Amino acid sequence: MKILGISAHYHDAAAALLIDGLPVAAVQEERLSRRKNDSAFPIAAIEYCLDEAGLEPDTLDAIIFYERPLLKFDRVLTTLLRAFPHSRRAFAHGMKNMLGEKMWIRGIIRAELGVPKARILFTEHHQAHAAAVFLTAPTRAAAILTADGVGEWATLTTGTGRREPGGGTSILLDREIRFPHSLGMLYSTFTAFLGFEVNEGEYKVMGLAAFGRPTMADQVRKLVSRTADGAFRLELDYFDFHRTVRRSFSDRFVDLFGPPRNRYQPIDLATQDGQRFADCAASVQLVLEEILVDIAAQLRRRSGLPDLCFGGGVALNGVANARILRESGFERVFIPSAPGDAGCALGAALFADRIHFGRPDRDFPDHPFWGPAVDGADLARIAAEDGLEVDQADDDRLIEESADALVAGKIIGWMEGRCEFGPRALGHRSLLAAPHDPAMRDRLNRDIKYREEFRPFAPVVPVEQADRFFELPPGGSRLAHFMSGVFPVRPEWRERLAAITMLTARRAFRRSTRYSRRASMPSFKPMAGARTFRSCSTRRSILPGSRSSAAPRKAIRPSGGAGSTC
Amino acid sequence: MRSVLKPVQNWVWRDRTRRGQRLLRFAEVEADGGRDLVRAAELTGDARLRRLYLRHASDEQRHAEIFRQRGMELLSGGPAAQTASWQGDWLTPGERGLDDVQVESGRDASLLAFLHLSERSAARDFAVYRDALTHDAESRQVFERILRDEEFHMNYTRRELARVSPENQHKLLWRARLSRLWKAYLRFAVWLAGLISSVILTLQYFVLLPPFAWLVKRAERREPLGWHDTSSARSRDLDRQY
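Read top to bottom, the protein sequences are chains A and B.
Just so you know, we're using my numbering here: the first sequence kicks off at 1 and counts up by one.
Just so you know, we're using my numbering here: the second sequence kicks off at 1 and counts up by one.
Bound-form chain B, shown alone (with noise of 0.2 Å):
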C-alpha cells in the first residue's frame, strides 16, 4: 500500500510550504504523544515503565522540536510568510480529536501493545518520508534522526509488553490492531459525516436561510449601540438553558 502512494508522497513533500506545514504537525502530533506519555508514567505502578515512559516522553518531545524547527524554517522563508499567521477559530473553538490515548491506571500492557503498534507505523511512515525527499537533505535527515529512536522505542514496548503480559501478548496485540483499525473507520466515517453535514447545511445556507438573515440584519440595525440593561429575572432563573 505505502508503495502504490510513493507518487503521492513524492508530490506531497515537493513544496516546500505544505513540507514545512506537515512537519509543524508532526510536531504537535509528537508532543501530545509524550504528554501522554507523561500521564502514563504518572498512573503506572511499574517504576521501570515509568522511567521508560519518561525516557520516551522526552524523545517525542525532542523529535517535536526538531520537526518544529524544520517547519519553521521552511515556512519562514517560503511564500506563505505573510499569511501565516496564526487565524483564532472564534466561533466554535474547544474540539478534541478521536486520537487521544486512553491512558489509565492498571492498563499497562494493553498500552505498551497499542504503543508498539503505533510506533512501528510510525517508524514505517517515517521511511516513506524519508525516501521522498531526495530534494530535500535537511529535512530527510530529520526523519533519519527520528527514525532512530523510533526503533528503540518499537522494540522496548515489545520487549516490556512480553515482560509485563507474557500470557495475553498476542492476544493484546491483536486487540491493539483491531482497535487502530476501528479508529481508522471512525476517522473515515466522522470525514464523510463532516462531508455531507457540509454539504447539507451549505445548501441549507443559501436555500433556507436568507429570509431569517434579511429579518435579523433588520433587527441589527435597530439595536441600540453602548450599554444595554439587563434582566435580572431572567438571570435569576437557574433551570433554563436560554
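Excised from the complex, chain A in its bound form (with noise of 0.2 Å):
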C-alpha cells in the first residue's frame, strides 16, 4: 500500500511516502524551494517522495492530509466572533484567507496529483503529530503528550499508544486542551515581544534564556494559571492574538513587562534593557517547564506507562524536554527527528497506514535520513567544471584529515547520503568545529551562520562516551538521539569544551549544553582531548533565511565562500 501524507499552508510544509507500512522518502518543502519555512502546497517535496519511489501521483492508494481544513475553519471564525467588534479587521483578513486557499484542500491535491476524491483523508492535527512520535519510536507501548500553538481546536493532548508486532496499532488521545489557551501561543508570545520572529524565533527565546534569571516568573504566572483539574488557562487580557493579525500581546502585557523591543537593535546584555529581555526569556522558559513537567507527570501518573512520546513544536524546546526526563518520571522520552508541523506529513501518513488501513505494525528504521541523497559524482563533475581541487579519499583518510583540519581551526562542511528530515543538522548536512574554542563559537555565528552571539552549537560524540562529558539523567542519551536535550556538560570538560557551553545564569552559573548523538562519529580520532565535535546546520551557510541544501550544487560553492572546508 502507498500512502502520501501531506502538510501545508501553516508552516513548514512537508510530504512523506510510505509503502507497506515503511518510509522510502520524507522531505520539507523549504529544502527545495530554499525558502525558510516554506508554507506552500509541498509540490516539490511530493514530486522528490514520488520520484524517489518511481511512482505516478495515480498510483497511491491515499493521499493524507494533516489537519482538517473545516474544523480549522470553524476554530478561526467562532475565535473572531467571540473577539466581536474588536476582531473586525482580522475578520477581513482571516476570511480571505482561509477561504482563498486554505479551504480547499480536497480540490487543491485533486487538481494537482489528479487523484480520485475518494483517495483523499484527513487526519486531526495533533492525531498526526501523536502519530509522528509514537509509530517512529522504538517502544511498544507509551504515553503520548502533544503540545504545539493550535491546530484546529487543540492546543496540547494527552493520551496512550499501543503497537504489537506484525499486529494492532492503537492511537488514543483522550484529553486534550482547547485554544486560545497554548503554551506554544504563550512562549510564541514572548517570540513575538522578545522581537524574533513568530514560528521561527523560539529556540532564540531559549538560547536567551540561558543568559537570564527568572526574576519575572511571578509576572507571567500572572499570564498563565492552573485550573482545578490540573490543566492550565491564559489570562487573555494580557494577549492580543485571538481578536487582531497584527500583534499578540496586550498593553496590559507591556505594563506588566515593559516595553518590546525594537526586532530592528541588536540585543546587548550589558545593558538594562537587554539584561531584562533575556530575564523575560528565563522567566517564560520556567514557566513553561514548571507546567510541562506537571503535565506529565500527571500523564505518568494516570497511563502507568514508563516511556513518554512527546511531539508537537514545543518539543523542539530541548531545555524543557531535558527537565521532563528527569522530573516527570517517565523513565525514556522520545521525541522525533521532526517533532513540528513538518513531521506531521508522515505522522499522517502513518496514522492512515496503522489505524485507518489497520495494517500490521512494523518497526520504523530509527534514523532521520529520508530526504535527497548526496552524490559523489555529481559533486565531483561540478566541482571540476568550476576549477575545483577535488580530491576522492577512503573512509580512513577522510576522517583523519578532517579531524587535523578541525584541530587546525578549520570549519567543515560535511554532506553524505541523505538528508535530515527535521529541523536539526543531525551530521548528513553540517558544519564541523572544534568545540574548545569560545572564539570559534563566535566566528560561527557571525560569520558563517550571520546570527546573534548568544545563540548555541550542539556538540557531537559517540553515544557510548558522551556520560564521560555530560551529566546525563538516565534516559539522556535517547532523548539526545535527535538532538532534543540540553544536558550540563561534566565540570572537568566546561573549560576544555568552552565554544559549545552556554552560561545558565539560573542554576548559578553551571554550564550546559546540548548533546547528540552521532552514530558514525566513534570513528574520528581524539583530537585536543576530546572525541567531541560541535555540529551545527548548513541552513545558513549558504545565504542567510534559506534552508540548508539537500543537493550538493547548492552547498559547494557559498560555503566554501563563507570560510568554511568542503
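Since the hints were derived computationally from the structure, they do not count as laboratory data.
Worth double-checking, as some hints may not be accurate.
Derived CB-CB ranges, DEER-like [said to hold, decoys possible]:
| hint | chain 1 | residue 1 | chain 2 | residue 2 | range |
| --- | --- | --- | --- | --- | --- |
| 1 | A | P365 | B | R145 | 33 to 43 Å |
| 2 | B | E151 | A | P491 | 51 to 61 Å |
| 3 | A | R221 | B | Q69 | 32 to 42 Å |
Predicted, not measured: the structure shown is a model, and the values here were computed from it.
Cβ atoms here follow ideal geometry from the backbone N, Cα and C, with glycine treated the same way.
Reassemble the complex: the two chains are provided individually, in unrelated frames, and hints are given to aid placement.
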C-alpha cells in the first residue's frame, strides 16, 4: 500500500511517502524551495517523494492531509466572533485567507495530483503529531503528549499508544486543552515581544533564556494560571492574538513586562534593557518547564507507562525536554527528528496506514535520513566544471584529514547520504568545528551563520562516551538521539568545551550544553583531548535566511566562500 | 512616468521611519532573489551560467545586508523604536506572493530574459530613489553602491541570453516584458479584489455577524476550562474534513 502524507499552509510544509508501512522518502518543502519555513503546498517535496519511489500520483492508494480544514475554519471563525467587535480587521483578513485556499485542500490535491476524491483523507493535527512520535519510536506502549501553538482546536493533547509486533496499533488521545489556551502561543507571544520572528525565533528565546534569571516568573504566572483539574488557562486580557493579526500581546502585557524589544536593535546583554529581555526569556522558559513537567507527571500517573512520546512544536524545546525526563517520572522520553508540523506529513501517513487501514505494525527505522541524497560523482563533476580541486579519499584518510583540519581551527562542511527530515542538522548536512575555543563559536555565529552571539551549538560525541562529557540522567542519551535535550557539561570539561557551553545564570553559573549522538562519529580520532565535535546545520551557510541544501550543487560553492572547507 | 512620480518619491523618502521600513523591504526582496538564483544555479546544466548565478546570488545577498543594516540604523533611532516589535500573523499565516520567480530546469534563456528586465527596471528605480535622497547621504550611498552591481547584472544577463539563445533572444525579451505586464496586472487585480472583499466582509461583519457573535460568546461562557474529553469516533473517520 502506498500512502502520501502532506502538511502545508501553516508553516514547514512537507511530504512523506510510505510503502507497505515503511518510509521511502520524506522532505520539507523548504529544503527544495530554499524558502525558510516554506508553507506553500509542497509540490516539489511531493515530486521528490514520488520520484524516489518511481511512482506516478495515480498509483497512490491514499493521500492524507495533516489536519481537517473545515474544523480549522470553525476555530478561526469562532475565535473572530468571540472577539467581536474588536476583530473587524482580523475578520476580513482571516476570511480572505481561509476562503482563498486553505479551505479547499481536497480540490487542491485533486488539481495538483489528479487523484480521485475518495483517496484523499484527513487526520486531525494532533493525531498526526501523536502518530509521528509514537509510531516512529522504538517502544511498544507509551504515554503520548503533544503540544504546539494550535491545530484545529487542540493546543495540547494527552493519551496513550500501543502496538503489537506484526499486529494492531492504537493511538488514543483522550484529553485535550483547547485554543486560545496554549503553551505554544504563550511562548510565541514572548517570541514576538522579544523581537523575534514567530514560528521561527522560539529557539532564540530558549537560547536567550540561558543568559537571564527568571526574575519575572511571577509576572509570567499571572498570564497562565492552573485550573483545578491540572490543566492551565491563559489570562486573555494580556494577549491580543485571539482578536487581531497585528499584535499578539496587549497593553496590559506591556505594563507587566515593559516595552517590547525593537527587533531592529541587537540585544546587548550589558545594558539594562538587554538583561530585561534575557530575564523575560528565562522567566517564560521556567514557567513553560514547570507546566510541562507537571502535565507530564500527571500523565505518568494516569497511564502507568514508563515511556513518554512527546510531539508538537513545543517538543523542540530541548531544555524543557531534559527537565521532563529528569522530573516527570518517565524513564524514557522519545521525540522524533521532526516534532513540528513537517513531521505531521509522516505522522498522518503512518496514522492512515496503521489505524485507518489497520495494517500490521512495522518497526520504524530509527534514523532521520529520508531526504534527497548527495551524489559524490555529481559533486566531483561540478567541482571539475568550476575548476575546483577534487580529492577522493577513503574513509580513514577522510576522517584523519578532517580531524586535523578541525584541530587546525578550520570549519568543515560535511555532507553525506540522504538529508535529515526535520529542523536539526544531525550529521548529514552539518558544519563541523572544534569545540574547545569560544572564538570559534563567535566566528561561526558571526561569519558563517550570520546570527546572534548568544546562539548555541551542539556537540557531537560517540554515544558510549556521552557520560564522560555530560551529566546525563538515565535515558538522556535516547533523548539526545535527535538533538532534543540540553544537558550540563561535566565540570572538568567545561573549559575544554567552551565553544559548546552556554552560561546558565539561573543555575548559578553551571554550564549546560546540547548533546547529540551521531553513530558514525566513533571513528573520528581523538583530538585536543576530547572526542567531541560540534555541529550546526548548513542552513545559513549558503545565504542567510535560506534553508540547508539538499543537493550538492547548492552547498559546494557558497559555504566555501563563507570561510568553511567542503 | 518615473519623472512624474518624482515628487511622490521625494515625499516617500523624506520620513525616516518610512525610509527604514522601505529599505528593510528591499532587503527581503534582494535576499529572496538571491535564494531564487541559488536555486537557478542548482538546476542549470550550464557551468558558466552556474558560476554567474552564484556570483549574482552573492551580490543580492550583499545588497540585502547593506539594505538591512541601513534600514535598521534608521529605525533603531527613530520614533518607531518602541512599537517596531515583530508581530506574528496568528490567525492566518503562510501566504506567498505573486512574484516568485519560476526557476525551472532547462529554461535558462527565459530566466535570463526575465532577470535582464528585472535588473534593468530595478536599476532605474534605484536611480530615482538615489536622486530623491538628497537629504540622507548615507542612504544615497547605499543605492550608489548597489547600482554599480546592477549594471553588471544587466550586462551579463543580456550577454548570456545572446549566447544561450541567439535565435530567440528578442522574442524571449518581448515575452518577458509581457509576462511582467501580466504580473503587474495581476498584482493590481489582487489588490483591487482584496480591497473590495475587505469592504464586503467588513460590512457583513457589522450587519450579519452580531447575532452569531452573541451566540458564540454565550456558548463560550458555558464552556468549561481545563481539560476537554475528546471524541474518538470523530477522530477515527479520516474521510471528513470537519
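Here's how the hints hold up against the structure:
no.: 1; hint: P365/A to R145/B: 33 to 43 Å; result: 51 Å, violated
no.: 2; hint: E151/B to P491/A: 51 to 61 Å; result: 59 Å, holds
no.: 3; hint: R221/A to Q69/B: 32 to 42 Å; result: 39 Å, holds
Against the hints set out earlier in the document, a violation occurs for number 1 only.
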